[in-house]
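Residue-level listing of the chains:
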Amino acid sequence: MKTVFEYTKGMEESVSTSYCPGCTHGIAHRLIMEVLEEKGVLKDTIGIAPVGCSIAAPRFMKVDMIEAFHGRAPAVASGVRRVHPDKYIFTYQGDGDLTSIGGNEILHAAERGEKFSTFFINNAIYGMTGGQMAPTTLIGQKATTAPMGRYVEKHGMPLKMSEIIAQCECAVFVERVALDTPAHVRQAKKAVQKAFEVQEKRLGFAFVEFLSTCPSNWGVPPAKAPDWLAENMIPYYPLGNFRCPEEVK
Amino acid sequence: MAEKILMKGNEAFCEAAMRGGARFYFGYPITPQSEIPEYMAAHMDEIGGCFVQAESELGAVNMGIGAAAAGGNVMLSSSSPGIALMQEGMSGLCVCHLPILLVSVSRGGPGIGDIRPSQADYRQATRGGGNGDYHLITFAPTTMQEAVDLIYEGVALADEYRNPVCILCDAMMGQMMEAVELPEHKEPVMGDAAIRAYKPWALTGQGDRAEKNRIHAMPWSPEELQESNLEQKVYYDKAEKNLVRYETRDLEDAEVVFVSYGTPARITTEAMEMLKAEGINTGMIRPISVWPYPYAAFDEIGPKTKVIISVELSLGQMMEDVKLGANGRWPVKLISRTGGVLFSSQDIVDETKEILKGVK
Amino acid sequence: MAKGILKFNSDKCKGCGLCVKFCPKHILGLDTEEVNALGYHPVGLLEPDSCVGCATCAIMCPDGVISVYTE
Amino acid sequence: MATTKLLIAGSGGQGVMVMGQMIAKAAILEGKKVTYLPSYGPEMRGGTANCSVIVSDNEISCPVINAPTDIVVMNLASMRKFEGKLSAGGRMFVNQSLITQDSSRDDIEVHKVDAVEIAKKQLGNEKTSNMVMLGAIVRMTKVVKMESIQKVVEKTFAGKKAAMIPLNLEALEAWQAD
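Chains as they are written, first to last, in my numbering: chain A, -13 to 235; chain B, 2 to 361; chain C, 1127 to 1197; chain D, 131 to 308.
Please keep in mind that the hints were generated in silico from the structure rather than gathered at the bench.
Treat the hints loosely; a few may be bogus.
The calculated lysine-lysine pairs, modelled on DSS-like cross-linking and capped at a C-alpha distance of 25 Å, are [to be verified]: (1) K5/B / K285/D; (2) K1151/C / K1133/C; (3) K101/A / K1129/C; (4) K9/B / K285/D.
Just so it is clear, the structure is predicted and the values come from calculations on it, not from any experiment.
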């Protein structure tokens, strides 16, 4: 019998995640841990979780981890990096955490060219606090703090974080991927691999944005959420690589 | 004995922290403590440490959390509104049980305030300025030498108590120059092996440990959070037992007992000599630890005392603790200035005489 | 064509149906008779003989329910 | 000598802080106790500047000066602000180049030092005016020994600025008492 797929040893086997059915946080978790496992560096890794649904990540990921305060994961990771120059370090952050309350921290980690990788989960809404509007919420999308839907005159346009980060010279790897189809998930894994390679080679800051689903707060059934993502998010948030150094191409 | 050298307060604070083993400093410029990040930028590298100018005080304190969680010995510093921004992290350090040395060089407030000396951050430092059930272990030195000694010791105390240790200074202490004797360099805790041995809870990557380490900013249930808080309370109880520090002076025959800390305690000392020359016997309680507060010192007050006066550069913030210490046994009065204004020893003399007129 | 064998860690299944949706052979389904430890109808393989072991289901599963082997 | 409480005041850029720091450093060389306390404003240059230096053979309780034993005023605003605080019988050093007005007190000893003029004409460098004043203070108050100040000057300008040492040493001696 040949093994085609087994769940990564980087995830706690006996623990069920706290994510809602169909939420693709679980896929992003798996991809990151799978890449670290394949590199054989799970025991040399330190992860930093955000505030939001994935504050619970340290309970699911089998690496040393700390929960950072809302938005501060890049600052916390910068501190960890100073003490441990040789470890694998990543932050895992949602869109409220990273683009709103932590906008400054992520921007300056990118500016400094911090040698860690940030995995940014963009699902266009606040999850844990209950469906409030995020800076990434789409025009027309309803949120509990935008009951009539987001509109430009009142709320402005959604933030395109990958494009912003790509403006920072020292953010050498920036890519937007999606978790809505098997093909996109495979591409996403490649981006995660490259992000860690950039870190390994100390080339600069690496940033991967995952377009991810939130069926509960979008108000769509779990199995329909990938379609909602494809129809609504990808047109505004185009997939692709924004920056990639020669060394990892 | 080591040579005594003349140093500016802010620079002496840095030397003391580095000699005490601090190797990671994260800061943001703010008057009157900007010499601290400047000194660290110039000298941390020389001893194999690390300085980062953060994007804000929020960034600085959270970098501090990261480095402390990773097992590094961290120093942070700022001044009043900057310390206010850092409170998120202070509360965070406490829930995570992480050690850090904080030097708070206070200026006038509230708000952006004034850049001149003040003690208006007394509550911020002694009550825990952030949210939740926690304390900072806080010392308030009076001379440069005392500041140096407390900072040097503070690095290790933070580790021992798994809690931030705050050194509360007024802006005068940061800016003035005085001779200090600097202590010897301690061996810093650096590198995987040392960190794993000394701080088994730290994040180093799992390595050969049987289990991964997790540091929780958000325990998962009320019960878990309560357990975490009670775990920290064991340290707080120990601090209340072992870290109460104060100095008393001439309490036995004192008609008036002053309670004062920091630079104002020095001004009060001069006022005491002036009052003595006019035939008024005064004594002083000088808290060195302001949390835990030396309430027991008040039991040493003699039978002749008519009144206790809290002398502070804030509107009676410490007087609340003085009243708890006095516990109704004596009337408690206040001599204060606020907003960065200073009193002179003559002011204290005049106001003390005025207070005495109203006390039987 | 290789024959696929799926193993399910059914107690972790949240019944989201992403595996069902993306299975190229359309041979997975939620077992509406069963309720697992988490309170969901777990996924099951409806036509074991048709599975080719492509692992698409496992790749799309957010909860690590499915392991895939070939004979 | 028991205790000298010296207040030096002027505007930013006149070398007020440097004078105070040099006296403090010289006092340390002599094994004396010293405190140096700057008063500072938000501006980098200009504005008012003053510092308090206490030199004593005994421990110094209070670094804040109530009544100075000596004051140095480098501009008129400083004289107006601080001459009233000087202890009776105290000394006031007046920067005569910028202050032509007389003191309003008759119970103090006034020394007029034409610091800027001396620096310009005698030394050919206006920037040494604070060193001219420093020399005058040290000579008249004997708060520290002239040799100690000379040592501090040599140490301060050591290295890249060593060429400045002779000029500054000369400036210390440039003022002649009336």
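Verification of the hints:
Among the hinted pairs, K5/B with K285/D is consistent with the structure: their alpha-carbon atoms are about 17 Å apart, no more than 25 Å. Taking the CA atoms of K1151/C and K1133/C, the gap is about 17 Å. The hint holds against a cut of 25 Å. Annotation: proposed proximity of K101/A to K1129/C is violated, straight-line Cα distance about 44 Å (limit 25 Å). Distance hint between K9/B and K285/D is fulfilled; the C-alpha atoms sit about 17 Å from each other, no more than 25 Å.
Checked against the numbered hints given earlier, the structure breaks only hint 3 and satisfies all the rest.
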